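J.: Residues per chain, in single letters:
There are 2 protein chains.
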Amino acid sequence: MKQTLEVVLTPALLPLYMVKGKTIVVIDILRATTSMCVAFQTGVKKILPVSTPEECKIFKDFDFLCAAERNAVKVEGFDLGNSPFEFQNPLLKDCNIAFTTTNGTKAIKLSKEMQAAEIIIGSFLNLDAICSWLINQQHSVILLCAGWKDKVNLEDTLFAGAVVKNIKQHFKIDCDSAIMAEQLFIASENKLEETVRQSSHAKRFISLHHNEDDVKFCLQINTLTLVPKMVGEYLMIG
Amino acid sequence: MKQTLEVVLTPALLPLYMVKGKTIVVIDILRATTSMCVAFQTGVKKILPVSTPEECKIFKDFDFLCAAERNAVKVEGFDLGNSPFEFQNPLLKDCNIAFTTTNGTKAIKLSKEMQAAEIIIGSFLNLDAICSWLINQQHSVILLCAGWKDKVNLEDTLFAGAVVKNIKQHFKIDCDSAIMAEQLFIASENKLEETVRQSSHAKRFISLHHNEDDVKFCLQINTLTLVPKMVGEYLMIG
Numbered sequence: 004m005k006q007t008l009e010v011v012l013t014p015a016l017l018p019l020y021m022v023k024g025k026t027i028v029v030i031d032i033l034r035a036t037t038s039m040c041v042a043f044q045t046g047v048k049k050i051l052p053v054s055t056p057e058e059c060k061i062f063k064d065f066d067f068l069c070a071a072e073r074n075a076v077k078v079e080g081f082d083l084g085n086s087p088f089e090f091q092n093p094l095l096k097d098c099n100i101a102f103t104t105t106n107g108t109k110a111i112k113l114s115k116e117m118q119a120a121e122i123i124i125g126s127f128l129n130l131d132a133i134c135s136w137l138i139n140q141q142h143s144v145i146l147l148c149a150g151w152k153d154k155v156n157l158e159d160t161l162f163a164g165a166v167v168k169n170i171k172q173h174f175k176i177d178c179d180s181a182i183m184a185e186q187l188f189i190a191s192e193n194k195l196e197e198t199v200r201q202s203s204h205a206k207r208f209i210s211l212h213h214n215e216d217d218v219k220f221c222l223q224i225n226t227l228t229l230v231p232k233m234v235g236e237y238l239m240i241g
Numbered sequence: 004m005k006q007t008l009e010v011v012l013t014p015a016l017l018p019l020y021m022v023k024g025k026t027i028v029v030i031d032i033l034r035a036t037t038s039m040c041v042a043f044q045t046g047v048k049k050i051l052p053v054s055t056p057e058e059c060k061i062f063k064d065f066d067f068l069c070a071a072e073r074n075a076v077k078v079e080g081f082d083l084g085n086s087p088f089e090f091q092n093p094l095l096k097d098c099n100i101a102f103t104t105t106n107g108t109k110a111i112k113l114s115k116e117m118q119a120a121e122i123i124i125g126s127f128l129n130l131d132a133i134c135s136w137l138i139n140q141q142h143s144v145i146l147l148c149a150g151w152k153d154k155v156n157l158e159d160t161l162f163a164g165a166v167v168k169n170i171k172q173h174f175k176i177d178c179d180s181a182i183m184a185e186q187l188f189i190a191s192e193n194k195l196e197e198t199v200r201q202s203s204h205a206k207r208f209i210s211l212h213h214n215e216d217d218v219k220f221c222l223q224i225n226t227l228t229l230v231p232k233m234v235g236e237y238l239m240i241g
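Sequence lines, in order, name chains G and R.
For the first sequence, our numbering gives the first residue as 4, with consecutive numbering after it.
For the second sequence, our numbering gives the first residue as 4, with consecutive numbering after it.
Everything hinted at is true.
Since copy identity is lost for identical chains, a pair holds within one copy or between any two.
Simulated crosslink set (SDA-like; lysine to any residue; CA at most 25 Å straight-line):
#1 Lys154 to Leu19
#2 Lys112 to Leu19
#3 Lys175 to Asn74
#4 Lys168 to Arg207
#5 Lys168 to Glu197
#6 Lys154 to Glu116
#7 Lys115 to Asn74
#8 Lys171 to Ile209
#9 Lys219 to Arg73
#10 Lys232 to Leu130
#11 Lys23 to Lys152
#12 Lys112 to Lys154
#13 Lys154 to Asp177
#14 Lys154 to Gln118
#15 Lys206 to Asn169
#16 Lys171 to Ser203
#17 Lys175 to Glu197
#18 Lys60 to Lys152
#19 Lys168 to Lys194
#20 Lys77 to Asp177
#21 Lys154 to Met21
These are calculated hints, taken from the structure and not from any lab test.
Since the model is a prediction, treat every value here as computed from it, not as a measurement.
Assemble the whole structure, with the sequences as input and the hints as a guide.
T.: Below you can see the structure in the form of structure tokens.
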């Protein structure tokens with residue numbers, strides 16, 4: 004009997020699913036889960052996902068750097084925002100980071116509350132690593148798109164579709180969102196950046212005068228081989 | 004200033020949107036909104052969407068035929084279920100119908116509670132009629148997929164995508180669900196039936212030994228020119 008593979012297009016829909024005992028891949032392509040993967044590549048030891056900037060700030064007293072983003076911009080007074088470029092800074096090696104973002108950390112915390120057996124962090128940068136890891140574990144899998152303020156978004160759905168395409172023969176799929184995500188990915192596979200630049204989030208970046216390279220950076224495929232995973236309250240790598 | 008066009012992939016997400024003053028197209032391709040369109044074509048005068056089979060039954064005393072479907076099957080003791088073929092019966096001419104279904108009537112009632120300015124009923128059968136009607140009215144538009152028990156489904160999303168493709172130049176679109184729905188429809192346009200037969204709902208029909216023709220029937224395009232619309236508590240045609 005194969006394990007199941009489901010896609011949940013926003014955290015607002017997660018309560019409709021049986022989460023307990025399943026593996027959840029949290030997906031926030033622009034930019035939280037991409038930045039987390041980059042942070043571990045840089046040598047960060049632990050990331051503590053927290054709910055609010057206020058809560059995040061407390062951990063400054065406990066030898067954490069504090070990263071906070073709301074509405075796609077860095078919250079004033081924090082060490083870091085949510086751009087993957089910030090997490091490439093070599094000074095972060097061996098540091099711990101307390102991290103709060105608009106969507107990504109919320110999705111992680113909800114997965115934990117709903118008693119997922121395992122929570123791992125997905126991005127295009129570690130796509131193949133995630134897929135291999137999922138094939139080699141025993142639980143049914145939910146790919147959880149962090150979305151934007153509980154609404155569905157394009158880039159997270161596309162990544163979910165990439166995972167479905169790569170691992171579907173190992174799982175039982177009875178989930179229209181998984182079929183839709185895979186079809187969308189296949190339709191956009193050869194023009195991923197062009198497609199994502201149409202998304203509401205990419206446009207939000209441009210209107211905020213962000214460095215547009217964040218979008219390009221977050222769509223790099225298989226530049227990393229690590230799989231960040233929740234261990235107790237922390238994200239770490241194995 | 005163009006009006007906006009948004010797609011909401013399940014009623015569970017509708018509370019995230021400003022509904023008041025907008026036109027909502029309710030979409031339940033398999034099969035409620037298709038059957039409603041067919042009923043009006045047959046000559047039904049009014050359809051009263053109600054929440055539960057229990058509530059539906061009361062209207063038998065007030066000269067209504069009562070139609071009730073739950074979990075894709077007709078509820079025992081009712082005059083009608085939810086197959087479009089049932090609503091082609093010429094005996095339904097000039098009748099009123101009280102109608103309750105798992106997803107479609109719920110989406111209609113929620114749209115009304117959230118104070119939509121207009122609520123109309125969409126299906127592939129009246130696709131062009133819906134599109135013309137939307138272009139010729141003044142409100143911003145939400146295409147509301149009824150889904151399956153608050154989960155996203157494939158066939159309703161595909162129909163939303165067909166509408167987006169047809170009318171997008173008349174509206175402002177800043178909605179990833181609309182982009183996704185349109186891309187999905189374009190990718191499946193030439194193999195709509197094959198795509199929908201992969202959906203969880205089409206499979207549910209087969210497992211329930213339904214006449215498979217319901218799927219084929221509900222994917223006919225532009226066989227009807229009517230636009231059912233809520234007027235007070237009732238659906239009617241103009």
